[in-house]
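Trainee: Dock chain B against chain A, hints included.
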Amino acid sequence: MRAGQVKSSGATAWARLIRLELARVMRSGGVTVAAVLLLGLGIHAAWQGNRRIQAAEDAAAVAETAYRDQLAHLISRYPPTTEAGELLYYLALPASQPVSRLSALASGRTEVESANLRIRLLALEGQLYEQETLNPRLAAAGKLDLAFLLIALIPLFVIAVTYDIVSGERERGTWDMARLFARPRRLLAGKIGARVILVGGLVTALALAGAFLVEAPLIGASPTGIDGGGRAGWAAALVALHTLFWFALCLGVATRRRSSTANAMILVGAWVALTFLAPAVLSLANAVLHPVPEALELTVRQRQGYHEAWDLPPSVTMEDFYKDYPEWSDQTVPEDEFTWAWYYAMNHRGDQAARDASLAYRDVLTQRDEWARRWSLLVPPLATRLALDRLAATDLASQLAYQDAVRRYHERLKAHFLPILFAAAPIPQVDWERVPSFEPAAPAGQASQAGFPAATALVLASICVLLVARIRATRAPGRTEAARFGPTDRAGRRIPGGRR
Amino acid sequence: MSNILLIARRQVGAMREDRYFVFLLGLVAALGIVSVLAARHHAASEAEQRARYQAVVDRQWAEQPERHPHRVIHYGFLVFREEAPLAFFDPGVGAFAGTSLFLEGHRQNSASFGDARHATAMLSFGRLTPAAVLGLLLPLLIVAAGFASVSGEREKGTLPLILAQGATPARIMAGKALGIGAAAVVAALPIALVTAAFVAAGGGDQPAVARMLALAATYAAYLAGWVLLTVWVSSRSASSRAALARLVAIWVVLCVAAPRLGTSLANALHPMPSRAEFTAQVEEAQRQVGDSHNPDDPFFSALRDEYLARYQVASVEELPINWAGVVSREGEAATSRINEEQHQELLAVHRRQDRVMAWLGLLSPHLAARDLSMAAAGTGPEAVEAFRSQAEAHRYAIIQRLNDLHTHEIHYENDRAQRLARQHWTQFPVFRSDLPSLRRVLADRPLSLAALGLWIALPLAGLGLGRKRLPRVGVDRLSR
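Those protein sequences? They're chains A and B, same order as listed.
For the first sequence, the working numbering begins at 1 and goes up steadily by one.
For the second sequence, the working numbering begins at 1001 and goes up steadily by one.
The following block holds chain A by itself, in its conformation from the complex (with noise of 0.2 Å):
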């Protein structure tokens, strides 16, 4: 009876802490209102995802819809004795990617890359790395979406509530009277209690939001699919995570014996650190490392190989042909005259041509994505956005495995209208409902695997953050009541004498 008593009023004097220094926190000037900006800007981004997803879902639309326009167009222009060969060089089949609703949070490389494309029969690298509509001015000043709320802005906001947590009191010498209440360790918990409440209602709230505006399945979503297992689940704990991992910054520089303006210069340097200089720094090093000269070499031989063949034997192109496709080796052409089933051989020889410089690009790019997921790790915001965009299905990665959704359409489609072409058929002979249709690229891999290595790093980056400030302060020497209280200059630095 007696413990829970003690217990209670325990609980109560916690509750009252926290509650006091919440409603100091908030009557102090600009963070209310940074708040409220933080919260309208997030709403704003939210809602622009979600008209992202929904402009993504109308293209594809479109795409189908042009598609079955240009078909019925074709067949009406064309009389029913032209060979399916001739349309078949103007049709432009879709092969939409679908787009995640978390895309809405973390929009990566949408902006810049085409998800909608429309695939002819062919020559294929010319094809696949279409661009989207995008204004240059627009990408190069940069995007808000909802993780660069999450993971840039949110961290400058708990710097602004915690960086003063303890100098601030003691540059207004009311630390010692607040010591009167409680035992500093207990106080220290309730102040950051009190930040920890403030700062995870407001991620709360704008994850809320984002799912509200976008209807993210954050339960019952189906274990697979590009919203499926757990996707939801592993980027709101990223996004915590993250949030606990400044928090962990903000406490290991703040409790330290420096002055407010010291502690504010230090974490805003190492905000700039983090979440500019170190990606930039990384970015650069990756391009170095790994440069891409293969993107203008395969755009040259595709052109070259495809247009040689025009000068050529037919022969010579076909038992190129036969090489990738010996199915078909029984198949000869005329040499003097044309054919459809030689000119999409033309056109295959062409991809031939780009194989060896396409396949290097896209190692290029592989390299790039891994060595970047890899160093990222050490960069806390930037694992985490990594973390997001694949997550979301917008990284480099899932780029590539759309381009390889692509090439597999592609083959399907060869080998659906091959036989017609070799038999020379006409337009009436292709039952166009049967043609095939695409099938999208699948996420790439679990959702554990790519939140997992994010959120250990998150965890080990803040534990160490916590263990070296630890460390630091039972080094620290003189810690005279003097030497706690008295006022520092702007280097943290006691001024002898000083006014208080």
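Do not rely on the hints blindly, as some may be mistaken.
What the simulated footprint calls covered on chain B by chain A, stretch by stretch (three residues with Cβ under 8 Å from a Cβ of chain A suffice, anywhere in the stretch; the number is not a length) [stated by the list, open to error]: (1) 1040-1052; (2) 1056-1064; (3) 1141-1151; (4) 1263-1275; (5) 1283-1295; (6) 1344-1355.
Derived from the structure by calculation, the hints contain no laboratory data.
What you are looking at is a predicted structure, and each value in this text was computed from that prediction instead of being measured.
For glycine and all other residues, C-beta sits at the position ideal for the given N, C-alpha and C.
Mentor: Chain B in isolation, oriented as in the chain A frame:
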């Protein structure tokens, strides 16, 4: 005057004693040098690569065997966008604009393979370029140098002493600004020197020097605004801590949040059609034109009647010229016109979005300075558009010349079997693209120029109006 210099010296002394600040200064200066060297390395290797492939493509064009001109229309031409000489200083929009453009008949392709396509999400945090160091990091360094400039004197109680010695508030603030400005100059100097050395090594021709001076003026004005703002905020704040908090908040809003918010607003106000939608639109519009591969297409029947009447013959077979070439030429003219119209519609959306950003520049000098910086470096959107339109003009000229060859050198009878001799291919012009002039791109940016002027004028006015109150700020609070 000597008062001002004394106070400037005092400020420099305070900064030199501050080990955090000296460390930051060294870091920013070092980063500046690293950024120039790395960006220059990257730009040089890119330029070398593009030049190499351009040479390959030019040679392949000239060495074509005997070919039918329409074959060559489809063979087409590859051009690579050359970056401006100062692109290493500020890559501008370069990474997001394609670098290689395939020019062929019947179509207007978009340039592909920009740097951004090859980058991981790391790029979304920003790039380490000289322009980013000057535009993003130096303001923060200025804040670190000067947040305590006036408020620190106040806290230490030395402000009344300085005033008592006869320094007016205006002189104190001028001296402080001078001292902080000196720190900014020290941090920016390595970038300026290395950049100037590279420009000189590149031949140092007059346009490049003018562009470099424009860049220097842009960043000088932008950073001067930050120095003035820092002194202003510091003079108005009761404590250094409050001054620092305010300045960092201003930096976050202006340099980090505003550009991204601008992007988001511009996209929300003027949404862009996706690639899929744009392609579908072009396709739809193109359906009105006949198939120029088919000389009997009804779309060209009016043209046929006109030609038959002009040459007074009864059928196209009797024409002294090749009817298939005429149709091809006419078809190219029609499709090119439609493609260009569609593209201009897309560009109109870009321009409306750019307007939003330009107006936002009035609120965020960082946006305005970036806009002017990429204009001066020759890496702005107009440089990309100049390349595109010049390439399109080149494409059209080449294709129509091939169609003329088709019309006059190839007979209508047994058209497809004929070939033209190789020497024809060597007589085609080589593609050259020019940057829009510095004068023009700057004249196109009145809002950004005004924004930068305002950025200096506002804190200056604030300092001027607030100078009388300097001794009194925070007095009641300190005496409490």
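Trainee: Confirm or reject each hint.
Mentor: Do the hints match the structure? See the list:
Three residues within the 8 Å Cβ limit are the bar, and the region 1040-1052 of chain B against chain A gives 5, so the coverage statement holds. Here's how the region 1056-1064 of chain B fares: 3 of its residues keep a CB closer than 8 Å to some CB of chain A, so the rule of at least three is met and the hint holds. Residues of the region 1141-1151 of chain B with a Cβ under 8 Å from some Cβ of chain A number 3, which satisfies the need for three, so the listed coverage holds. Counting residues of the region 1263-1275 of chain B whose CB falls under 8 Å from any CB of chain A gives 10; the rule of at least 3 is met.
Counting residues of the region 1283-1295 of chain B whose CB lies closer than 8 Å to any CB of chain A gives 4, which reaches the minimum of 3, so the coverage claim holds. Given as covered by chain A, the region 1344-1355 of chain B passes the check, having 5 residues with a CB less than 8 Å from a CB of that chain where 3 are the minimum.
The structure fails none of the hints (numbered hints given earlier).
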